[in-house]
Amino acid sequence: MSASVELAGACRSYETAAGRFEALCPVDLRFDAGQCVGILGPSGSGKSTLLNLVSGIDRASGGRVAVEGRDITAMGESELAAFRGERIGVVFQFFQLIATLTVAENLRLAMDLVGRIPRRDRDRRSRELLARFDVERHRGKLPAALSGGEQQRVAIARALANDPAVIVADEPTGNLDGANGAVVDGLFSDCASEGRTVLVATHDRSRLDRFDRVLQLEEGSVRSDSARDDTALVEA
Amino acid sequence: MDVRWKKIWRDLTLRKARVAITLLGLAIGLWGIGSVIVAQRVLGDDLTTNFTRTVPPHLVVPMRGLDNGMLERIKALDGVVAAENRPILGARLAIGAERHLPLILFVVDDFAALDVAKVFPDYGTYPPPPGSVLIERDGRPLIRIMGGNVPSAAPGGHGAPQGEPAARGDDLQLSLPDGSTVIAPLAGTVFDPGQAPSRMEMMVYGYVDRATASGWLPGGFGDRLIVRARDDGFESRLALRDAVAAVIADGGGEAFDFILPAPDEHPHQFQMNTILTLLLGMGTLGFLLSAVLITNLVTVMLTNQIREIGTLKAIGGSVAQVMALYLGGMLLLGLVASLLVLPLVVRSGYGLAWGMSMMLNFEVLTTTLPIGFYAILVGLGALFPVVAAFVPVRRWCSVPVRAALDNHGAAPPMDHSAIARLTASLPLTLRLGVRNAFRVPRRFVLSALTLAVGTVVFLFAMNLRASLLNTAEVEDERWNHDLTVRLAERMTPAELAWIEGFPWAEPVELWDAGAAELLETPVHGSARFGLVAVPADTRAFVPKLTAGTWPGAGDTVGVVASHRFTSHYPGLAVGDRFEAEVAGQQVTFELRGFLKLFGAAALYMDAEGFREITGADGVAGRMLYVTRKPEAELGLFEMQGLLESHFELAGIGVSGVMMSQMATRIIRNHLLVIEVMLGVVAFLMLLVSALGLATGISASVVERTRELGVLRAIGARPGAVYRIVGAEAVFVGLCAWLVAVLLATPVSRRLNDWFGTGVVEYPFDYATSLLGIILSLAVVVVLSLLAAAGPVRAINRQVVREAVAYE
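In order, the protein sequences belong to chains A and B.
According to our numbering, the first sequence is numbered sequentially starting from 1.
According to our numbering, the second sequence is numbered sequentially starting from 237.
Just to be clear, a hint being listed does not mean it is correct.
[As the list claims (entries may be wrong)] Here are the simulated DSS-like pairs of lysine-lysine, each with C-alpha atoms no more than 27 angstroms apart in a straight line:
#, chain 1, residue 1, chain 2, residue 2
1, B, K242, B, K252
2, B, K311, B, K252
3, B, K865, B, K780
4, B, K354, B, K311
5, B, K242, A, K141
6, B, K252, A, K141
Read the hints as simulated data drawn from the structure, not as lab findings.
Please put together the full structure from these sequences, using the hints given.
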């Protein structure tokens, strides 16, 4: 299987008043298309940093990050924004929907900004995605009128709006109750089964069985990396 | 509607109050500059066109012996378009019991065939019937200002009271140069845009036919040749002057002067240019200040939406796309402001043009402006906020995605330990307010500078007003007398003795005056100037020199030039020598100094020196300065009347009597309209800058929503929140005021000199307005408190939970 995402010696450090802080030590990782990967670790372990490097939201201090064979660390801001819009879908813990736009308009804006989906197909695609995530009835509402779980489903629909190859989700269930969290996890599994690479950061160990692969981080380093059937790791 | 436009619209409507303030400030800024631009466009060449419609002369020759044959020979000269004999008589018009105004009477050969220096019928009978007189239309408001009887109302005429019946035929009482008095019916009014406005010059222009003038003055009067040339180039006019001089000499005529007026430029064009330039400058400044409102609005929006910006970029939006979302909002704002304010701009622009035309006595000829002009105005107004917002929008939209997503709004307090120490002893709320002001130094500087600029302009307007009054006062102080009497003829010793017997006056002071014709041609106007002989022991006059020294007693070489003289000879410096002809003698003068004096360009020298070079009688003179005795219990008008009767009994011809306070009126009349315009613009500037402060405070409050929410959560009452934010606003306001007060004096001084020179060729005597300083302090404090009230009200209405949860 071809590598959808590949990190080679990628690292991220920050200069702080207390000195240099290694948020992510150099890592070599590859994630294949169709994999739903759970990234586990406590706060400050480097989960978000890893996802930020993959999505191009943050720049690596060293090493290389490639998505679908393209080195995103070498891209300029504009090129990276365009690439991210087309190939990477991002889901946030706090949903980050545009508060002044309706649910449908949030999806439409994502498509309008990127321009990958033909104009005539955008409304139809928006309706289909919302229906798929069971929020179609809310299409004319502003995000504030929706529950947290519904907002997160809209956010995932928005992440899929431009049909990306990679989905990056940082603590997507961190703000949801158990039932809504399970629904969201299911949606990510569905995305992976469609051939997308799904990277989900979480600190909730009870969800690990939802992932094809689990990567455990600690203090900026990969502590373990294992497939779902690796019972030892899951139980670790 | 496109989703992006929906977002733009909703972002704007989400902040109604703030957007309304910005819209108001932007509209005021656009209104100020738009009005001046429209006025400039309307007036454009109107004043020049008004002037050139009169076919103004290129050469004026006061002379004797101009007969028809000589006039025909001059008309036949190569390059001459038209020539006419148009004598002027220095007369006086009675405007009430013993009250007069100077009257310049033009003697016209044929009213129906004016080829040069034309006048236009305004009201009444034109041409005037024999024995009657026409006056220039601006004379009527002057007479009214001076409290005199307004001769026949002219319906629709300039300044005519509406509804007053036409009463052509009212009798005017004129005092003629030979001392005689005639009663002449008023035939009507004419419009003569070739003359400086009556209200400014404090004189009335009249027009009579030759037969009437000859009947009034059987002794005859001098001629005055006016010539219109085909080519108005300086060299051509000089050649024409020489050719005309040759014809006059051949024909046995005597020319007293050859005046080359500035070609096709109204005598007061420079005033209009200066006033419009000043207003345009202030309007531009106000317009630029409204950029601060835009910056603050955009900063508040971006501060609120920084994580949204991060999201937009995270889902694929490029920096340019995200920028377009915010700049589009600014474009919309600018477009709305422009369209809202356009009707007002057009009205006030025309109003300003009308005000200028009233002031300078001309007609607005441009009644419509092309649609394209308005489209450009609206386009510029719409684009301005985009340009103003571009830098902050680019800065905020270029924030890396992760940094944007991690942003939580309020900037952390800066490490200003010095400020912390300085404010340590202040009450807690005041301490917080002052420290908060320094939290975002860039905003503090921007808000303070904006308010400072507005306050400087306000103070400048107040200082200019104070300087105008001071100029009038200083002018009054220079002249220690009450009345100036210009005599028709030089006074004899016997006549002087008679005047000395006038019981209500101190011993009079008699000055002499002649003319000096410089051999060097000036840059404009005539080379002939008044030469005033001042007695060494004068009490009537306290000369104030801007450079050099006053000539000593008996000095036959030293002269002092009045300030206006330098506009004719700009390169002249103290110590320079120049040749001139005085009373037929060629003399060499040395410039001893420059005299700051309101009035016409003239040279001043010692009376004894003057008598020596002219051979004049020691007791003769042309100007009499009269001071009322302190114990005389009568008003100046009354004394003037008695003095005139006294002169009449002695058969002494008087060509003019002016009260020394008249200078004050002349200065005020020149600048009354400007003062009002400046006041309005200055207040608007202050308002726009205060709105700038309001939006700055608003941005600061929005950033600290959570912090203020915490304060309320731990027990702070709404009043305490208002005191904290109010203290911040007042502190910024006071800093701005202090900067403004420090800057206002040097700025006002420079502009005061430029403006005075530009408007009356006389730099005003500068005075700082104490009232302006106090008023500006009060206005700044009040506006600062008001600026804080809006944002605090909004935050106090928010429930504490929302405020604390605010991100």
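Tell me, in ascending order, the numbers of any earlier hints that this structure violates. 2
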